[in-house]
Amino acid sequence: MKTSEPSLFLSDSLKRKVIFFTGKGGVGKTTLAWATALALSNRGRKVRLVSWSPFDGESIPQNLSEFKVPWEQLEVSACFKEYTLKTLKFEKIFDIVFENRILKAFIEVAPGLSETVIAGKVWDLYDRNKQDTLIVDLPATGHALSFFKSPMGIEKMFATGFVHRQAEQICDMFISSETRLDLVTLPEEMPILESEQFLEKLAALGKFPLGFLHVNQCTPDLPLPSPPPKLIPKEIEKCLWDHALRKKREERAFQKAAGLPLALIKIPRLTSEQLKETVKQLAAQMEN
Amino acid sequence: MTQLWKDKRLFLIGGPGGVGKTTVAAALGTRLAEEGYKTVVLTVDPAKRLAQALGFETFSTELQPVKLKQCDEPRLFASMLDTQRYFDKIISRFAASETQRDKILNNRLYRIMVESLGGSHEYAAMERLLEFLKDSTFEKIVVDTPPSQNALDLLNAPQKLADFMDNSVLSWFQSSNRPLTLFRHGTKVAMKLLEKLFGSDFFKALSEVMDDLEGMHTGFRDRNLEVLSILKSQTTGFFLVTYPSELRFRETQKFISILKDKKIPLAGMILNRIEKKYPAQLPAELNLKDEERAKINALLSYRNDLVEQQQYWLCQFESLCGQGPKIELQKHPEDIHDLETLSQIGKKLVSLSNAEI
Numbered sequence: 001m002k003t004s005e006p007s008l009f010l011s012d013s014l015k016r017k018v019i020f021f022t023g024k025g026g027v028g029k030t031t032l033a034w035a036t037a038l039a040l041s042n043r044g045r046k047v048r049l050v051s052w053s054p055f056d057g058e059s060i061p062q063n064l065s066e067f068k069v070p071w072e073q074l075e076v077s078a079c080f081k082e083y084t085l086k087t088l089k090f091e092k093i094f095d096i097v098f099e100n101r102i103l104k105a106f107i108e109v110a111p112g113l114s115e116t117v118i119a120g121k122v123w124d125l126y127d128r129n130k131q132d133t134l135i136v137d138l139p140a141t142g143h144a145l146s147f148f149k150s151p152m153g154i155e156k157m158f159a160t161g162f163v164h165r166q167a168e169q170i171c172d173m174f175i176s177s178e179t180r181l182d183l184v185t186l187p188e189e190m191p192i193l194e195s196e197q198f199l200e201k202l203a204a205l206g207k208f209p210l211g212f213l214h215v216n217q218c219t220p221d222l223p224l225p226s227p228p229p230k231l232i233p234k235e236i237e238k239c240l241w242d243h244a245l246r247k248k249r250e251e252r253a254f255q256k257a258a259g260l261p262l263a264l265i266k267i268p269r270l271t272s273e274q275l276k277e278t279v280k281q282l283a284a285q286m287e288n
Numbered sequence: 001m002t003q004l005w006k007d008k009r010l011f012l013i014g015g016p017g018g019v020g021k022t023t024v025a026a027a028l029g030t031r032l033a034e035e036g037y038k039t040v041v042l043t044v045d046p047a048k049r050l051a052q053a054l055g056f057e058t059f060s061t062e063l064q065p066v067k068l069k070q071c072d073e074p075r076l077f078a079s080m081l082d083t084q085r086y087f088d089k090i091i092s093r094f095a096a097s098e099t100q101r102d103k104i105l106n107n108r109l110y111r112i113m114v115e116s117l118g119g120s121h122e123y124a125a126m127e128r129l130l131e132f133l134k135d136s137t138f139e140k141i142v143v144d145t146p147p148s149q150n151a152l153d154l155l156n157a158p159q160k161l162a163d164f165m166d167n168s169v170l171s172w173f174q175s176s177n178r179p180l181t182l183f184r185h186g187t188k189v190a191m192k193l194l195e196k197l198f199g200s201d202f203f204k205a206l207s208e209v210m211d212d213l214e215g216m217h218t219g220f221r222d223r224n225l226e227v228l229s230i231l232k233s234q235t236t237g238f239f240l241v242t243y244p245s246e247l248r249f250r251e252t253q254k255f256i257s258i259l260k261d262k263k264i265p266l267a268g269m270i271l272n273r274i275e276k277k278y279p280a281q282l283p284a285e286l287n288l289k290d291e292e293r294a295k296i297n298a299l300l301s302y303r304n305d306l307v308e309q310q311q312y313w314l315c316q317f318e319s320l321c322g323q324g325p326k327i328e329l330q331k332h333p334e335d336i337h338d339l340e341t342l343s344q345i346g347k348k349l350v351s352l353s354n355a356e357i
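Residue numbers (the numbering used here), protein chains in the order written: chain A, 1 to 288; chain B, 1 to 357.
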């Protein structure tokens, strides 16, 4: 697909109720999710951001709260409790029986339960705030796949029960035209390959509303004299050489990415030290 | 090669996703083999390019010999982990009889559980590891830990399974006809609730698996203790691969504190993809056109911004691990395609010593 304009990204995002972000580890999913939330919020949209990264909740810097975007870290046992109480309404029993290691052990091994519980919470937030946009920062591709897979499996596997009915609604949300699934990747061979494999597996699950492929941390286009002028110091010549190699590598990655069924957005590598600053700059680019 | 690498036999390469664990593991394996050790690299990440760099089309679950330039007999081996197969093997080992084994392996729910069970990859990685450790074929074992948001999964997996396999937890789900004790009465109410939530078929299927797993808890518990003692052993080195940015720093910080809690020593920290420092700008006396000078200086300025950005977090890492063993590996401008590059990275890696601590 063609390279997309950042402004198109924002106008499309304004039309969606749920936007999922996923991608290989360390490519910048969290950064992109926050920047999107901030850009939408700056446009006057009511936005809510939820993250489900099973283990790194505490690693989100506190200073992002300055952006005034309501943010929540989803946690399986809390979501499970909330959900159970809401559907069944017997708190006493819950407290007596469920706040123990047996329940914890159960949640951890029951097939796809954690994912379904989280997906259920996402659905609930979506259902309750139909006017807003919900941005979901999913874990890396492997976990994200089971996130999409589990409710579908449960829906097919068990013909009855609350969970079955819930799973149906979740699946409807996944494929709704008000939902969008974005991938974040890097302009390198492996992350692009992983995106491709993720999309193949996802396609086997169903027809998801695919949106944008954010190719993060691209080397900026710096026009350089070619061939390099003679007599420049060796160290600087090396730098020019290194830059050229990076650009070549990225060009190959873009060519591969162009074959994927998502609109490509190239995001330049930024040099700010703080995540907060990076988020601000990216949001400004999206709004431009 | 420093003493650190000579003394240890097992090298666990962990860290957050996307920091280059697989490359570091392959580089270390290559270097150890070149130093004369019979080495195996165990990976879970089917990185095709890396497989090609090691000389084969794709990773397979069989042991694949890697052809090194300077030695005729194969000294480096690579193998990919197949979770499903290893989990089946574990069940086979702990099952009391063939009937019990087959019943479990053929259970539909068991198959789904293995696929979706949190930490099953990690558990299977640990199992494979124990096999290699008991076998004296390999002098050095390098493990590229499973890609996970946080390498903590690996450390928690055996505990999590042992907890679940705990007999009292199992019996809770089993459709046994033991007399109703007070406890079982309470659980009966809860079971009803779960049944309402999940539907009766689900619950029946689950109870069946639990019945089948009866008696296997001792096996799992012993395994957990064994794995823990290996992690703490003098001949094991846990290496953390990370990257100097705010999020990775916070993850690493948390990770180190958990290692401390579990009393697992950190053998070294590998800061990967470090930007090389170049001169800040062209020398003024150089005779260049203004336009050319400006263009090149713009690149130098951008590159120096990158260096500064990383430097800030490198300093934070410095204060995090103090004088502990730490090494910086430079960012490669290209995808890694060959053993030569892996060997170079490996050389740099094994120069890391723990002399300071």
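Treat the hints as calculated values from the structure; they're not laboratory data.
One or more of the hints may lead you astray.
Every beta carbon over 10 angstroms from chain B, so not counted as near; a handful from chain A, in silico [unchecked claim]: (1) Pro61; (2) Glu72; (3) Ala78; (4) Gln169; (5) Ser177; (6) Leu202; (7) Leu231; (8) Glu235; (9) Asp242; (10) Phe254; (11) Pro261; (12) Arg269; (13) Ser272; (14) Glu287.
Computed cross-link-like contacts, BS3-like style, restricted to lysine-lysine with a CA-CA straight-line distance of at most 25 angstroms [unchecked claim]: (15) A:Lys230 to B:Lys103; (16) A:Lys280 to A:Lys15; (17) B:Lys331 to A:Lys238; (18) A:Lys234 to B:Lys276; (19) A:Lys238 to B:Lys347; (20) B:Lys276 to A:Lys266; (21) A:Lys130 to A:Lys15; (22) B:Lys348 to A:Lys238; (23) A:Lys247 to B:Lys295; (24) A:Lys238 to B:Lys289; (25) A:Lys230 to B:Lys347; (26) A:Lys234 to B:Lys38; (27) B:Lys277 to A:Lys234; (28) A:Lys238 to B:Lys277; (29) B:Lys331 to A:Lys247; (30) B:Lys8 to A:Lys234; (31) B:Lys254 to A:Lys248; (32) A:Lys68 to A:Lys234; (33) B:Lys289 to A:Lys230; (34) B:Lys276 to A:Lys247; (35) A:Lys248 to B:Lys295.
Restraint-style ranges between C-beta atoms, simulated for each label pair [unchecked claim]: (36) B:Ala294 to A:Gln274: 25 to 33 angstroms; (37) B:Leu225 to A:Pro233: 55 to 63 angstroms; (38) B:Asn106 to A:Glu287: 50 to 58 angstroms; (39) B:Leu225 to A:Lys86: 34 to 42 angstroms; (40) A:Glu287 to B:Lys260: 50 to 58 angstroms.
The beta carbon of each residue, even a glycine, is placed where N, CA and C say it ideally should be.
Hint-by-hint comparison with the structure:
| no. | hint | result |
| --- | --- | --- |
| 1 | Pro61 | 6 angstroms, violated |
| 2 | Glu72 | 17 angstroms, holds |
| 3 | Ala78 | 16 angstroms, holds |
| 4 | Gln169 | 15 angstroms, holds |
| 5 | Ser177 | 28 angstroms, holds |
| 6 | Leu202 | 16 angstroms, holds |
| 7 | Leu231 | 7 angstroms, violated |
| 8 | Glu235 | 6 angstroms, violated |
| 9 | Asp242 | 5 angstroms, violated |
| 10 | Phe254 | 14 angstroms, holds |
| 11 | Pro261 | 21 angstroms, holds |
| 12 | Arg269 | 7 angstroms, violated |
| 13 | Ser272 | 7 angstroms, violated |
| 14 | Glu287 | 23 angstroms, holds |
| 15 | A:Lys230 to B:Lys103 | 75 angstroms, violated |
| 16 | A:Lys280 to A:Lys15 | 22 angstroms, holds |
| 17 | B:Lys331 to A:Lys238 | 14 angstroms, holds |
| 18 | A:Lys234 to B:Lys276 | 14 angstroms, holds |
| 19 | A:Lys238 to B:Lys347 | 22 angstroms, holds |
| 20 | B:Lys276 to A:Lys266 | 24 angstroms, holds |
| 21 | A:Lys130 to A:Lys15 | 12 angstroms, holds |
| 22 | B:Lys348 to A:Lys238 | 20 angstroms, holds |
| 23 | A:Lys247 to B:Lys295 | 16 angstroms, holds |
| 24 | A:Lys238 to B:Lys289 | 20 angstroms, holds |
| 25 | A:Lys230 to B:Lys347 | 34 angstroms, violated |
| 26 | A:Lys234 to B:Lys38 | 40 angstroms, violated |
| 27 | B:Lys277 to A:Lys234 | 13 angstroms, holds |
| 28 | A:Lys238 to B:Lys277 | 11 angstroms, holds |
| 29 | B:Lys331 to A:Lys247 | 14 angstroms, holds |
| 30 | B:Lys8 to A:Lys234 | 40 angstroms, violated |
| 31 | B:Lys254 to A:Lys248 | 37 angstroms, violated |
| 32 | A:Lys68 to A:Lys234 | 49 angstroms, violated |
| 33 | B:Lys289 to A:Lys230 | 12 angstroms, holds |
| 34 | B:Lys276 to A:Lys247 | 17 angstroms, holds |
| 35 | A:Lys248 to B:Lys295 | 19 angstroms, holds |
| 36 | B:Ala294 to A:Gln274: 25 to 33 angstroms | 29 angstroms, holds |
| 37 | B:Leu225 to A:Pro233: 55 to 63 angstroms | 60 angstroms, holds |
| 38 | B:Asn106 to A:Glu287: 50 to 58 angstroms | 57 angstroms, holds |
| 39 | B:Leu225 to A:Lys86: 34 to 42 angstroms | 41 angstroms, holds |
| 40 | A:Glu287 to B:Lys260: 50 to 58 angstroms | 44 angstroms, violated |
In this structure, the earlier hints numbered 1, 7, 8, 9, 12, 13, 15, 25, 26, 30, 31, 32, 40 are contradicted, and the remaining ones agree with it.
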